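Residue numbers (the working numbering), protein chains in the order written: chain A, 123 to 375; chain B, 134 to 340.
None of these hints come from the bench; they were simulated from the model. Accuracy of the hints is not assured; some may be wrong.
Unchecked claim - Computed footprint of chain A on chain B; a stretch qualifies when at least three of its residues, placed anywhere within it, have a C-beta under 8 Å from a C-beta of chain A:
{"no.": "1", "stretch": "148-159"}
{"no.": "2", "stretch": "173-182"}
{"no.": "3", "stretch": "248-259"}
Claimed, not checked - Some chain A residues judged to face chain B by a derived CB distance under 7 Å, without partners named:
{"no.": "4", "residue": "Met123"}
{"no.": "5", "residue": "Leu124"}
{"no.": "6", "residue": "Ser196"}
{"no.": "7", "residue": "Ile197"}
{"no.": "8", "residue": "Pro198"}
{"no.": "9", "residue": "Gly243"}
{"no.": "10", "residue": "Asn244"}
{"no.": "11", "residue": "Gln245"}
{"no.": "12", "residue": "Arg285"}
{"no.": "13", "residue": "Leu286"}
{"no.": "14", "residue": "Gly289"}
{"no.": "15", "residue": "Ser316"}
{"no.": "16", "residue": "Ile319"}
{"no.": "17", "residue": "Pro320"}
{"no.": "18", "residue": "Gly368"}
{"no.": "19", "residue": "Arg372"}
Said to hold, decoys possible - Interface residues of chain A toward chain B, partial, derived using beta-carbon atoms under 7 Å:
{"no.": "20", "residue": "Thr125"}
{"no.": "21", "residue": "Asp167"}
{"no.": "22", "residue": "Gly218"}
{"no.": "23", "residue": "Leu242"}
{"no.": "24", "residue": "Ala246"}
{"no.": "25", "residue": "Arg315"}
{"no.": "26", "residue": "Asp318"}
Quick caveat: nothing in here was measured; it's all calculated off a predicted structure. We put the CB at the ideal spot given by N, CA and C, even for glycine.
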Amino acid sequence: MLTRRIIPCLDVKDGRVVKGVRFANLADSGDPAELARRYMDEGADELVFLDISASHEGRGTMRTWVRSVADELSIPFTVGGGISSLSQARGIIALGADKISVNTAAVRNPRLIAECAGLLGNQAVVLAVDAKRNDSGGYEVFTEGGRTPSGRDAIEWIREGVRLGCGEILLTSMDRDGTKSGYDLECLSLVSRSVDIPIIASGGAGSVRDLFAAFEAGADAVLAASIFHTGTHTVGDVKEALAALGIPVRKTR
Amino acid sequence: MRIAIIDDGLGNTGSVKSALEFYRYDVRLIHEYADIDGADLLILAGVGSFRTAVEQLRKRMLWKHLDNAVCLEHKPVLGICLGMQLMASWGEEDGHTQGWGWIPGKVVRIPDTMVKVPHIGWNRVSPVTKNDVYFRGIRSGFFYFMHGYHFIPENPDHVIATTGYGDMTLVAGVRNKNVVGLQFHPEKSQGDGLRILRNVVEGLVCR
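Chain B on its own, in the form it takes in the complex (with noise of 0.2 Å):
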C-alpha cells in the first residue's frame, strides 16, 4: 500500500510519516499534484492556520488536484487536525475562507466561556458507535488535542467520534464516504493513537 502525505514544509508531517512507517507501510512525502496519482491513500497533516493553509495548497497548485482526486477518483483521505477541519466548508480562523467541503460544515472558535482555548492536552475519545472498527484494540482511549477551532458537521451522522470539553461535547472525529478526519494527533497519542492510525487506514483502503 502506497501512502501520499501532502507535505506542508511544516509541522507534524515527519511524525505521521514514522508512525506509518511503524506499520511498513510505504509512505511518501509529497510536494506536487504528479505525485497524488500512484498512491492508494492521502494525508493531509500540517499545522497553521486555516486561511493559511488553504493559501498555501492554492498557491502550489494542489488544492483542485486533491478535490479532484478525492471527489472524482474517490482516492480514501485522512486529514488530521488542520487537515481534518479544511474538508469542512469554510472555517473563520484568519477570516472567512472556504474549505474543500466534502464534509459540510463549519469550522468555529472554541467558545471560552467556560473552558480554556486553546483545548490542549490528553482528552478521551468516545466512538459515536459501539464497535467502530477504528477503534478496535483501544486501551486507555485517551488522545492528545491541540486546536482552537472546532469542526461542526451539517449532517450529525458525519461525526463518527467525539470528546467532552468543559460542558461540550466537541467533533474528534468525522467521516464521508471515503473522506476521514481526526480532530486530535494520533501520531502524539503513543500506542493508542498507533493503533487508531493503523485501523483508519486500513478501513480506508480496504472499504
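Chain A extracted, bound-state conformation (with noise of 0.2 Å):
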C-alpha cells in the first residue's frame, strides 16, 4: 500500500536555510545540506527546498547547495522557486534533484510545463499553485510568491497543469499560509476531486490533527515548514501519531 508523504519544506535564500531551525548542536544552522541530512534522519519521506532569493547572485548559489543536497541524501527532493525556463530545470535535474517545482513562469508560459514533462518526465515535473479565495467562493492563483493576483481560477489552472503533464499538484493556500490554523480543507477537496494526480498539501499546517485532516480531505502528501522547524513536533512523532490515526506512514524507527 502506497503510505501518505510528510514533506518538510526549506525556504533557502543565497544559499541559507532561513526561518527558525530548531536542531541542536549543528555545525551550521543555515547549511541546506546539514539540515537535509537531519530531516531525513528524522524520517522524512522527501523534502523541498524553495530558493527565495531576490537577487540573480542569490539565485546563482543554486549550483552550489542543490549539488551538496544531492549528495547527502538518499531520498527524494524537490527545488523550486524562479525556475523559468527547461535549460534551468533541466540543470537542476542533472545536479541530482528529483523534481522541479514551476510556478509564475508556468502561470506566464503554460509551455514550459509541457516541455518539462517531455524532457524530464511527468513525474519530475510538480506544479505549485499558491490560492487564494475570492469573494465569488472560487480560488484565484497568485504569482510572484503570492504578491500578484493572476486573475485565473486555481480549479481550472490545475486542470490546464495536468492536461499540459504536470506530474503532481502543490497546492497552497494563501489565506492560510504562516497562520497554523489548519489547511485548507475546502480547497484540498475540491481539488482532490478535480484532478487524479497526487496533491501536496500545503499552508497551515499547526498540529498533527491538521495534517490529518488533510489525508482526510485527499492530500497524498502533506507540506510543512513552521510545525517542524520550531521544534513543535519530529517528523518521527507526527508519523507515529498519524499512524495511531489509521495514516498508513513510513516507519522508519
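Take the two lone chains and join them into the complex the hints point to.
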C-alpha cells in the first residue's frame, strides 16, 4: 500500500536556509545539506527546497547547494523558486534533484510545463499553485510568491496543468499560509476531486490533527515548515501519531 | 569490481553513483560505447520518457552496443525505473516505441480509474520468492516509486517483486538471466535502498 508522505519544506535565500531552525548541535544552522540530512534521519519521506533569493547573484548559489543536498540525501527532493526555463529545470535535475516545481513562470508561459514533462517525464514536474479564496466562492491563482493576482481560477489552472503534463500539484492556501490554523480543507477536497494526480497540501499546518485532516480531505502528501522548524514536532513523532490515527505512513524507527 | 553507469546527462545517475560508492565499488559514468568494455556490470538509470530515452541512446550509438554487450557477451545489467522499462519489447509513452526486448513484455500507462497516476511515493515491495537473496537484510520493505507507466512482462517467471497500488499489483522488479530491472529508485530509498542495490550488484556479478 502506498503510504502518505510527510514533506518538510526549507526556504533557501542566497544559499542559506532561512526561518527558525531548531536542531541542536548544528555545525552550521543555515546549511541546506546539513538540515536536509537531519530531516532525512528523522524520517522525512522527501524534502522540498524553495529558493526565495531576490537577486540573480543569490539564485546563482543554487548550483552549489543543490549538489551538496543531492550528495547528502538518499531520499528524493524537489527544488523550486524562480525556475523559468527548460534549461534551468534541466540543470537542476542534472545536479541531482529528483523533481522541479514551477509556479509563476508556468502561469506566464504554460508551455513550460509541457516542455519540462516532455524532457524530464511527468513524475519530475510539480506544479506549485498559490490559491487565495475570492468573493465568489472560488479560488484565484497568485504568482510571484503570492504578491500578484493572476486573474486565473485555481481549479481551471490546475486542470490545464495536468493536461500539459505536470505529475503532482503542490497546493498552497494563501489564506492559511503561516497561520497554523489548519490547511484549507475545502480547497484541498475541491482540487482532489478535480484531478487524478497526487496532491501535496501546503499552508496552515499547526498540529498533527491538521495533517490528519488534510489526508482525510484527499491529500497524498503534506508539506509543513513551521511545525518542524520550530521544534513543536519531530517528523518521527508526527508519523507515529498519524499511524495511530490510521493513516498509512512509512515508519523508519 | 567495475561498474559503468550509462550517463544520459540528466537525472539520477549521480545519485546512483554515490550510492554505489558507499560500498566502495569502482563506479564510472560513461558516455561512449568504448567505455562499456572494461565494466563488470552496466547500469541504466536516467529519467524522461521512453521515446526520448530510446532516441537519445540511438543517437549516441549506444543502443546497439549495449544490446550486443547484454545479449552476445552476457554482461550483467541493472536497469532502474526508466532503465528497467527500456528492457521491455515496447513502450507506449509518447507513441509506440521499440525497446531492447531483453525481458519480453510491454510498458503501458497505469490505469487511473481507481488510483492517482503517476504512482509517486513510498510503497511496500514484496519479493515473489521467499528468501530472495536480493532482499536479504531488508528492514522496512518500503521503496520510493515515481512512474506513470508500468511494465507487464509476458512471462510471469520474470517478475521477482511486486507492489500493491489500489487494487492492482504492479511489477516492482524483473529478472531474466543477466538482466535485472527495478521499478523503484533504490538510490532514493534510504537504508533499504542501499542494501538492495548492493545485493543486486553482488548477485548479478557473482552469478
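Query raised in the report: What hints, given by number in increasing order, does this structure fail?
Result: When the structure is compared with the hints, numbers 12, 13, 15, 18, 25 turn out to be violated.
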